[in-house]
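Number of protein chains: 2
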Amino acid sequence: MQDRTYTADAEPGDDATVAGWVHEIRDLGGIAFLILRDTTGKIQIKFEKDEMDDDLVEAGLDVSRESVVTVSGAVEEEPRAPTGVEITPESFEVVAPADPELPLDPSGKVDADLSTRLDNRTLDLRKDEVQAIFEIRSEILRAAREAFREFHCTEITTPKIVATGTEGGTELFPITYFGEEAFMNQSPQLFKQLIAGSNVERVFEIGPIFRAEEHNTPRHLNEATSIDFEGAFCDEGDAMDVAEGVVRAAYEAVAENCEDELEALGLEDSFEVPEDEFPRISYEEAIERINATGELDEQLVWGDDLPTEGEKALGDDVGGHYFITDWPSEIKPFYIQDHGDDEELSTGFDLMHPRMELVSGGQREHRYEQLIEGFEQQGLDPEQFDYYTKMFKYGMPPHAGFGLGGERLIMTILGLENIREAVLFPRDRQRLSP
Amino acid sequence: MQDRTYTADAEPGDDATVAGWVHEIRDLGGIAFLILRDTTGKIQIKFEKDEMDDDLVEAGLDVSRESVVTVSGAVEEEPRAPTGVEITPESFEVVAPADPELPLDPSGKVDADLSTRLDNRTLDLRKDEVQAIFEIRSEILRAAREAFREFHCTEITTPKIVATGTEGGTELFPITYFGEEAFMNQSPQLFKQLIAGSNVERVFEIGPIFRAEEHNTPRHLNEATSIDFEGAFCDEGDAMDVAEGVVRAAYEAVAENCEDELEALGLEDSFEVPEDEFPRISYEEAIERINATGELDEQLVWGDDLPTEGEKALGDDVGGHYFITDWPSEIKPFYIQDHGDDEELSTGFDLMHPRMELVSGGQREHRYEQLIEGFEQQGLDPEQFDYYTKMFKYGMPPHAGFGLGGERLIMTILGLENIREAVLFPRDRQRLSP
Chain C
1 MQDRTYTADA
11 EPGDDATVAG
21 WVHEIRDLGG
31 IAFLILRDTT
41 GKIQIKFEKD
51 EMDDDLVEAG
61 LDVSRESVVT
71 VSGAVEEEPR
81 APTGVEITPE
91 SFEVVAPADP
101 ELPLDPSGKV
111 DADLSTRLDN
121 RTLDLRKDEV
131 QAIFEIRSEI
141 LRAAREAFRE
151 FHCTEITTPK
161 IVATGTEGGT
171 ELFPITYFGE
181 EAFMNQSPQL
191 FKQLIAGSNV
201 ERVFEIGPIF
211 RAEEHNTPRH
221 LNEATSIDFE
231 GAFCDEGDAM
241 DVAEGVVRAA
251 YEAVAENCED
261 ELEALGLEDS
271 FEVPEDEFPR
281 ISYEEAIERI
291 NATGELDEQL
301 VWGDDLPTEG
311 EKALGDDVGG
321 HYFITDWPSE
331 IKPFYIQDHG
341 DDEELSTGFD
351 LMHPRMELVS
361 GGQREHRYEQ
371 LIEGFEQQGL
381 DPEQFDYYTK
391 MFKYGMPPHA
401 GFGLGGERLI
411 MTILGLENIR
421 EAVLFPRDRQ
431 RLSP
Chain L
1001 MQDRTYTADA
1011 EPGDDATVAG
1021 WVHEIRDLGG
1031 IAFLILRDTT
1041 GKIQIKFEKD
1051 EMDDDLVEAG
1061 LDVSRESVVT
1071 VSGAVEEEPR
1081 APTGVEITPE
1091 SFEVVAPADP
1101 ELPLDPSGKV
1111 DADLSTRLDN
1121 RTLDLRKDEV
1131 QAIFEIRSEI
1141 LRAAREAFRE
1151 FHCTEITTPK
1161 IVATGTEGGT
1171 ELFPITYFGE
1181 EAFMNQSPQL
1191 FKQLIAGSNV
1201 ERVFEIGPIF
1211 RAEEHNTPRH
1221 LNEATSIDFE
1231 GAFCDEGDAM
1241 DVAEGVVRAA
1251 YEAVAENCED
1261 ELEALGLEDS
1271 FEVPEDEFPR
1281 ISYEEAIERI
1291 NATGELDEQL
1301 VWGDDLPTEG
1311 EKALGDDVGG
1321 HYFITDWPSE
1331 IKPFYIQDHG
1341 DDEELSTGFD
1351 LMHPRMELVS
1361 GGQREHRYEQ
1371 LIEGFEQQGL
1381 DPEQFDYYTK
1391 MFKYGMPPHA
1401 GFGLGGERLI
1411 MTILGLENIR
1421 EAVLFPRDRQ
1431 RLSP
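So the protein sequences, as listed, match chains C and L.
Start counting the first sequence at 1; every next residue gets the next number (the working numbering).
Start counting the second sequence at 1001; every next residue gets the next number (the working numbering).
Hints are computed from structural coordinates only; laboratory data are not their basis.
Keep in mind it's a predicted model, so treat the numbers as computed, not measured.
There could be a bad hint or two in this list.
[Stated by the list, open to error] Think about it this way: if two alpha-carbon atoms lie no more than 30 Å apart in a straight line, the pair counts; the simulated DSBU-like pairs of lysine-lysine are:
hint	chain 1	residue 1	chain 2	residue 2
1	C	K109	L	K1332
2	C	K332	C	K390
3	L	K1127	C	K393
4	C	K42	C	K127
5	L	K1109	L	K1042
6	C	K42	L	K1390
7	C	K390	L	K1127
8	C	K109	C	K49
9	C	K393	L	K1332
10	L	K1109	C	K42
11	L	K1042	L	K1127
12	C	K393	L	K1393
13	C	K332	C	K312
14	L	K1312	L	K1393
15	C	K127	L	K1049
16	L	K1390	L	K1332
17	L	K1312	L	K1390
18	C	K109	C	K127
19	C	K393	C	K312
20	L	K1390	C	K393
21	C	K312	C	K390
22	L	K1049	L	K1109
23	L	K1049	C	K109
24	L	K1332	L	K1312
25	L	K1312	C	K46
26	C	K127	C	K46
27	L	K1332	L	K1393
28	C	K127	L	K1393
29	L	K1042	C	K390
30	L	K1127	L	K1109
31	L	K1390	C	K390
32	C	K109	C	K42
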């Protein structure tokens, strides 16, 4: 492939070949401008009709928007051009013409609903503000992994095809696996625990999870990205430290490395890295504070799960990220350990953004007998989970961990309205393609 | 959780609390040693029976191997100890006793077959040499991502639940998706192309792929990790540059950052980063060279796919990584572009390790009409792929890319015999759990 200059790198005095999409053509009569767009930005191509070869002018001005072109010529300073430079073309080639009837307008002048955008993601991603979301997503994933490595974690890959779900048979997508019944995994929970019980000790995984839940809301996906941690010789306090560190690292990385993207999203002034330590509020205090807001029709009592409006009221009250700790054991899954000898109180915690829950975690039950009991209490047959439970007989250390919703993290960092905006090709109740 | 010192950080003069597994107990009569193991290594705990509290001695020496214990005491220099230091315990606590009947011996004194190892992965991973594989795997994934970022790539996540497979209905695991038929994706191919056609331009993904192929060999998995690249305005030569860069970066990272792990695997002297540029050998030259080795019963002719023995013969002949380029179009999938106007010759390439194929890639067909023809020639209904093909009408740039088998990369870097050794919980024809 011929040498190509990114538009952002074109300097006055260069002879450059740029390649990209036709963003816009402005024909002013004797002079016309074509704005060419590539991954780094846009550049102005100048056509002076009387001074240039007719074929060249015709090729440049007859091309349809969103066609792919390559242009070679001298880069010159031009203060009136959007980027302060322009190219006077010596050659102009249409590499891939675009159908003039675009199903979606990447210049953003015509609004499109989310469904049309997702059906035409290639065109949608040609908008600066949409590209920005996915550049930031990439940076958040990078920063999260780097933070985990600073916490001495090893990256693991756990299987997505499994014989049993983490929490039993509900909300699982069934697969036919060489004639056997299998499922797509809803969480790496059991597998990451099996690794934390080995010399590897501290692990993280960023990978897909699959949930057949019927929810169709702006906060739920049926295929999502889970950011998981599990650490041997950790308690729930350690796990909260890691969760807070990873979330904070994501914000810091976006602030440091995504200036242009924040600007494309109009967030350059409002974006803030959370400054204060995330407060750790007990479940008991949480329900008291929610009740005190008077936002709920009925007062919450100990043992109630927190309704969405309750989370919202508390989020407004706290005004930033916060943990809810010391949940009633009943509300938390069987693999979460109780607090010491108090069977009512669990070590489970949630990390909340004012808008929604981001993280769920806790110290795990590492004692074989208690684990088996937990399965039974949950109505699950422990024998079906023998591949998991048997390893708890051979020196399973105390351990703790969490799962962080990747798309929820991106959504809350960027203030997106719908979680589908944080996924290239979302999967929900209605959407299976593209 | 109480403060804990990693065994590798315990220095003479410290008062340390270490936590880990009982690796071994050596009772020499008046004196006994317990070797405690954690994620960073091993440390000797000294029990002088006459000089210590009887309960402490009893607790320390009665504990079964692989139990989890915490030990506090003074760290002292001891040249005869394996790491040059030892701890004289002041307190000793059994945190999680292990059943003395272990299904697998993590000290490695008793060999176990792969199936037993995989059934008991937690215990298996307590062996230094097994832990080393997965610490290296983690480092290889990190290095690959870093290399992609240096090639200006954005990390993407594509869906694993899809309506149609990349290459039609063969080798797909069917899912029931809210009553609809769907599949687990066998490759991010079509999705990464859809993103390369947008402003994002250059993308990579490291994620799971699922193939229902019946092969049950030491080189095949039904769930594997694919390392994918796709770049707009790239040709097959650029894609080969990226593939070579990523593979080389993986070797370099292992050489630089995994000294201890290479030693645990006995590779400290033999491990080498490939020095020379990977030669690019045309398919035509490849069959000539294979024929010249005389290793095959029958001579290959133009149009034949390369049999495994042929790859082996050529690998021995070349002696290192190499590319095979300019394949017959017939052998390569429909989305690979032909070479200019020669319909017989494709831009497809493979990157070979002397032991096996690592990468398959090429320049993609970006022209709408030719793409539709390609589907038809492959016996696929292009309408089923409308979500993909329609984006080729709106300015799809020339692009190229590849898929690199993650486990094959790890396997060849470390010289593993079986690809299952490179996966924590492999999935094959017989194995669905753990």
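In rising order, the numbers of the hints this structure does not comply with: 1, 9, 10, 12, 14, 15, 17, 19, 20, 21, 23, 25 and 31
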